[in-house]
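J.: So you can see what is in the structure, the chains are spelled out below.
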Amino acid sequence: MGLREFDYGPLVSVERGTEVTTRERKRQWNELRPLFMRTRMVSHAAGSSYLEAENSKVICSVNGPLANTGGRTEAIERAKISCYISRTKFCGLEDDELEKRATTEYEGIVCRALESIVRVEQYPKSTIEVHVLVIEDDGSTLSAAITCACLALADAKIELRELMACCSVVNANGQLLLDPTLDEEKEASGSVLVSYLATSGKVSTVFQTGQLAYDEMAQAVELTISGAREIAVLVRNCLRQRESKDRGL
Amino acid sequence: MHISSTEVDYIALGASSDFRADGRHAFEFRDVIVESHLVPSVSGSSRAQVGGTDVLVYVKAELGPAQGKNGTEGVITFTAHYSSVTGLDNEVRTSNMLNAELEESLNRLFSEKQAANLERLCLLEGRVAWTLLVDVTVLKADGNVLDVASFAVRNALLSTLVPHVEVIRGEEGEADEIEVDDEPASRRLLLEGDPPVFISVCLLGSKWMLDASQDEEASMTSKLSVGVNSSGKVCGIVKAGEGALEWDGLGDTLKTAANMGVKIIEGLRKVQASRAETVGFFA
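Chains as they are written, first to last, in the numbering used here: chain F, 1 to 249; chain L, 1 to 283.
No wet-lab data here; the hints were simulated from the structure.
Hints may contain errors.
Stated by the list, open to error - In silico lysine to any residue, SDA-like type, Cα no more than 25 angstroms apart, as pairs:
no.: 1; chain 1: F; residue 1: Lys125; chain 2: L; residue 2: Gly243
no.: 2; chain 1: F; residue 1: Lys245; chain 2: F; residue 2: Ala45
no.: 3; chain 1: F; residue 1: Lys202; chain 2: L; residue 2: Ala12
no.: 4; chain 1: L; residue 1: Lys69; chain 2: F; residue 2: Leu133
Let the sequences and hints guide you as you build the complete structure.
T.: Encoded structure:
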C-alpha cells in the first residue's frame, strides 16, 4: 500500500501581520501555532501520523500489537507499551543540546501518557511499539509527540478509552506563552506540560519545571488545558475526516 | 514488585477509609533519618532513611570549565542507580527507565538556577568553576524513593566541603589565577542556598496520601511528585502512574504536599545546623 493522496488535516489560520511583536508572526500569548495533522504517513506501519506546528515536525508510527517474546516476569495480562523517540541530525538542535535532552525520561513520559488511554487489558501478552521521529524541533516537541502518538494509535485501530491531546506552556519573564517555539523555550524559566483527555476532561500527564508560586502554577496549568482542549478538537476532526474519506464520502 | 489485584483492592479500599497498613494517617510521613559526612573520601555525603527506604548520596567536587551562557555558572551532574540489594525485581532494576527517571527528576530539581545558585560555583568567569558530581545510590527501596533521594541530595549538597580557593588578580595584561589551599582545616561549605525537596502524593482509590510504602505504590493509579522549597513554592511537578486525574480538585492536595515540604526542609535544616560546625583540637 503506497502513500495515499494527501488528505489535509484541519488547519488553524493566524493573521499574518508585519508589525513586530514579542512573538513571531504577531501571535498572542495564548494562541496556538497553526497545526497540521494527518494519519497514514508510513505505509508499512500498522498506524502512523504526522503533526506539524510551523517548524516543529513530528512523525509517529505504531507497530503492533506484537507477540511478547522473552521476559517472563513482565505482567502478561496486559499489553506493554514501549516508546522510542529519535531526532534527525538536522532537527535544529546543536549537538550538545541533543545530548542534554533527557530522551529516556521523555520516552517514559510518553509511555505513561499512552498507558492511560490504551485499553492495555485488551491485548494480553503483547507489545505495542510507538516510534516517534522528531524531524524538526522548533519547540513543544514533547507535547507534539504525545498528541501525534495518540493519533497514530487511533490510526492503528488500537482500542483507546478516549482521545488525548497534549500542550505546553512556558513562563518567560513572568509572561505565560502557549505552545512555545524553541527560542521561547530556551528563554523560559519554567514550563508546564499537560496531556488532556478529551472526553472525561481529566489530565494524564503533568510535568512542570521551574519555580512558581502555587497560584501561578495553577494558572499555567489552566492555560495549558485550554490549549490542549483546542488541539483535542483538531485531533478528533482529523480522524473524522480520514474516516469519511475511507468510506468514500 | 508484583501484587495481586485482590491486594490492590484491599489496599485501595483501606485508603478510602483512611486505614493504612502501618497505622498512619493519609497525610502522615514516616520518620525521616538523615546523616551526613559518612564517606570520608568525598567532598560531601549523606544518607537518608524513611521506613525501609534507604538512599546514600555522595558528592564529589572538581574544578572544571565554567558553563552557562556567559560562563558564570558551575555544573551539577547526577548519576543515580538502584543497587542490586534494593529488593526490586532484577528485570525492573536493570531497566534504564527507572534509573533515568530518578536521575533526570533530581537533575531538574537541583540544577534549577534558583535552587542551587549555580553562579556561586563559578570561580573565574568564563574559565574555572566547581563541577559537582552527585552520585545517588538506592540501597533499599520501600516506596517513595524519589522523595527520600531528594532529602539525601539536599543534605549532601549543603554539607559539601571544598578547599578554600583564592583568586589572585592578575597584573595588567595578565589573566587572573587561582590558588587552591590544601589545608584540610580551611575547607568551607560550598553551598548555602536553599535547594528544594520532592514530596510525592499518591492516588489510591479515591484518596490521596503522602509517603506511600512499596505496597501502596504498587497499587496506586497516579503519583504526583511535587518539588517544594522552604517558602512553599512549587519547583517542578512530575506525574507517574498510568491513571488520569481531575485537575480541579487537586489544589488542597498540592497545598498539603507543599506544607509537608516546608516542614521537612525545616527539620533537615536543624540537622544541618548541628553538623556544619567544625570540631577538633586545632579547629
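J.: For every hint, state whether the structure bears it out.
T.: Do the hints match the structure? See the list:
A hinted pair counts as satisfied when its Cα atoms are at most 25 angstroms apart, and F:Lys125 with L:Gly243 qualifies at roughly 21 angstroms. Our distance criterion of 25 angstroms between C-alpha atoms is met by F:Lys245 and F:Ala45, whose separation comes to about 20 angstroms. Distance restraint check for F:Lys202 and L:Ala12: the Cα-Cα separation of roughly 20 angstroms lies within the 25 angstroms cut-off, and the hinted pair is therefore satisfied. Among the hinted pairs, L:Lys69 with F:Leu133 is inconsistent with the structure: their alpha-carbon atoms are about 29 angstroms apart, more than 25 angstroms.
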